[in-house]
Each structure stands twice: as C-alpha cells, then as structure tokens.
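Student: Here is how the chains run, residue by residue.
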Amino acid sequence: METILQGLLLGGLYALFALGQSLIFGVMRLTNTAHGDFIILGSFITLTLTALGIAPWYAVLATLPINWLIGYMLQRYVLNGTLGKDPLPSLVVTFGLSIVVQNLLLEVFSADPRSIDTEGFNTMSWALTGDISVGVLPVLILILALSSTAGLQWLFNHTSMGRSFRAVSDDREIAELMGLNARRVYAQATALAFVLVGLAGALQGMRTTVAPADGPMLLLFAFEAVIIGGMGSFWGTLAGAMLLGVTQQIGFRLDPGWGIWAGHLMFLAILVLRPQGLFPKTRG
Amino acid sequence: MATPVLQTNGLKAFYGDAQALFGIDFELNAGELVAIIGANGAGKSTFLKCLTGLVKSEKESISWNGQHIGGMHPGEIVRLGLAMVPEGRRLFPSLSVEENLLMGMVPQRKGPWNIERLYRMFPILKEKKNLPGTSLSGGQQQMVAIGRALMSNPEVLLCDELSLGLAPIVIREIYNAMPEITAEGMTVVIVEQDVGMARNVSQRLYCFQEGLVSLKGESSELTREQISQAYFGV
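Protein chains in written order, with my numbering: chain W, 49 to 332; chain G, 3 to 236.
It is worth saying that the hints were derived from the structure and are not from the lab. All C-beta atoms in this analysis are idealised placements derived from N, C-alpha and C, irrespective of residue type, glycine included. There could be a bad hint or two in this list.
[Said to hold, decoys possible] Pair ranges (Cβ atoms, derived):
no.: 1; chain 1: W; residue 1: P323; chain 2: G; residue 2: L133; range: 23 to 33 Å
no.: 2; chain 1: G; residue 1: E60; chain 2: W; residue 2: P113; range: 25 to 35 Å
no.: 3; chain 1: W; residue 1: G129; chain 2: G; residue 2: D27; range: 33 to 43 Å
no.: 4; chain 1: G; residue 1: L133; chain 2: W; residue 2: R232; range: 22 to 32 Å
no.: 5; chain 1: G; residue 1: R81; chain 2: W; residue 2: G132; range: 20 to 30 Å
no.: 6; chain 1: W; residue 1: M49; chain 2: G; residue 2: Q110; range: 50 to 60 Å
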C-alpha cells in the first residue's frame, strides 16, 4: 500500500516533467531532446532567485513568467525554423541546445548538486496510519500535477487558444487560411509548456538535489511517461507518469538498485505490447 | 470604370522548379459570381492558393482594391476580406462542427454572417454541432467548409471544387445555398470541373489550360464548342 502511494506521489512529479513534452509534441510534432535540461535550468533559475533573497515560493512563482519568456523566444526565433516534414532538424537543434544548456549551467554553477532551501517544508509529513506517512511536498506536487493536467485539458477543449493549438496541429495551412499565425501559436504553446517545465524544475529542486548533468535522466522519465500514456494525450501522460512512478517504487522495494530499471522494463514492455501507448489521442 | 475588387496581372506560380502558372490575367468585379473551369492540372487550385497567400507570388501580380497583395501572409489576406473553401473541405479532425465554424471567425471583420445565421442556412449542422467535423457525410462537411469561410464575413469567397466527390443531389443542395450567399452582395469565385454547373451559376467564366487562361467571357454567351476547345485544347 505504501509502495503504491509513494509511487503515485513520484508519478505526480514525473507527470509535471512530461506534460510540457506532451504539449509540445501534440501541437508541433516536435521532439525536444533538451527537455530535461530545460527542467534543470528551471531548478537553477529558482535557486538563483532564492540566492538573491527571494522567499522560496515567491521564487517558484517568479520562475514561471521567466520560463514563459524563454519558451516563447526559443520557439519563435530558433525552433520554428526547424519545423517541417523532416523531424531531423528539430532533433539536431534540440540536441545541440541540450549540450549548450548543460555546459552553461556547469560553467556558471559547477557540477555540485544542490537543492532549493524550502525552510523545512520538504521534510514535513503527514502520518496517515501508524505505519504510513506521506510528505507534504510530494502531496502538493501531486495536486499540482492533477491541476495542471486538468487545466491543460480544459484549455485545449474549451478555449479559443486550445482550439488554435488543435487547429495548427491538424492542418497548419488551413489554420493560416483562417487567419492564424502558426508560428505565433507554436510560440504560445512552447511558452505554456515551459511554464510547466519551470514548475517541474523548481519542485524537483525542492524535493531533491539537482545538478547540471541531471537533464538527460529527467528527459528519459518524461519520454517514458508520454509514450506509456500515448502521444498527444494529457490524461494519458498523467496515467503513464503514475504507472512509471509506481513501477519504479515497486522495483525499489524489491531491490534498491532496481527501481529505475523496473521503470525502463515496464516502458519496454508497453512499447512491445502496445506501441501506441495506453490512451493515445484522447485529447479533445 | 470601377476598380476591380481583385485583379491579377501576369501571375506566375512555382512549386520548386516546376512552373504551374505562366502569366494569368484575371479580373473580378464587386458582386460578381465568376467560375473557373479546366481539366486536372490546369492550375485552377494553384491560382486560388496564390490569391490566398498559400502559394507565394510576386507582390505586384495580385491587386486587392488597387493594393498589391502578392506574397502576403494568408492571415493578413483573410483579414482584408478574402476567404476560401478549400478543395477536399479539409476540416480540422480534432475539432467539432461548431469549433470548425468558429475557427473561421475573424474578429476584425463584422457582417451578416454568424453561427446562428449559418445554422439557419444549414439546419443539419446545428443538430450535429458537437460531433467531430470529419464524422459528417461529404455534403455536410462541405456545408461546414462553406460556413467556416463565411464566418469571416468575406468580401470575396473563393470556392475550390465544391462538387468534388459528392453525389449530384448533394451538389444541387450545396449550390442551392449560393443565392442566399450572393444576395448579401458577396463576390464569389468558384472553381469547378462540372462545366454545366459552372455555366449555370456564374455570370462570367474563365477556362484554364496548362497554367494559362484559354478562354474567358460571359457565361451565357460562350458556346459549348468554344468551351470544349478551350477545356481540352482540341
């Protein structure tokens, strides 16, 4: 029971890692291989703000608009130029960005792992029963993951911005014929994804330690959650993240060295048995 | 004489190195319904794509009320008042019927067309407004495509192959809506392969052949032989 519970809480964090990736892929069919590094960049932005004397939760809030701006500019002036029928240019460019971001963080912050000082919040817990207790921060992360998923789904289904996202994803040419500027819509989608990336990064930095080289591992978790859940589906991404978290926790329970491996094995099993993911295209 | 609402002068178009249009001269006056006919590959759809900015062309080769608009972004062109019903309908698969219609709305353009008016013209769309647009029959999808274009309250409506893949009875139903559209003073260009239908509904007619205008004139004055010769080049 405790293993499942801890797995779901871990899945909440993975869902936040993966939602931005799911959004970018769903709207642009773009695979951002620098996604994990941008999560770590979000952690370091929050870290820097706290180092400047801003209270941790205000620093998290301040990270979000900064990340929105980074995402918007990145898509508008770099990634839009890579979009097309051939996925290779965007893969190469985001791979290059991954190296740039990692090395920039190493240069500025060194390779030392660090964490965001939450003034004790990250060690607070609730005792559910005599044997089982849950951390307050992981519960908060899970609530944020559920809210973000529901919010994204609502935005996609019930707002004109969501309609625009779906329209450019379906048929860019006709969407432009309807007066949309697809490049601007893409930039808005990436900006929104980067808000989630910033939130995920800040919470990761609060929950545990972060180092500049952590990005690729987080990218892997995000990828696995998106693919397990089914490409382009937010609730599917959440379910994929939960399944990954629970499987890792079961693996950790069996052997502390097996946790991550158990997640990878489950991911490979899904790829073989159901390559389209568990809930493909449930969005909209 | 009044300036044509839309005019092309020596319009050329290319797909990479392949030239599709070789210098089209075309005029459209306010309130007209003009038909463009021609065989497959004659350049009709490419011509409409040039007008809407989907295929790039030289700036001076297209004029909108005297303003050069060649090569403009499609979004700017639709805001000027030019809307298109694309070949094959091309509804957004992940959007419902109503969402597809709303996508056509351009806030800067006011006019008589809104979602309620469209539902009065095509009542079946109101019944199916929450279904995915692409789940409808071909004729109903064409109604959505027409409605989506009308939602921008355009000055000029371009219709590309309205009858493509539809049963004759459905084609008649679609064309029966044309008088209501033109009654608002809207200028309409239809691209058609059905020569009889094109002649019946239009005031003037252009025939394209291999990227050039092979015939133009008043629809009622052109003879069947003239059209056959211009259409097939024999």
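Student: Output the indices of the hints that this structure fails to meet, ascending.
Tutor: 2
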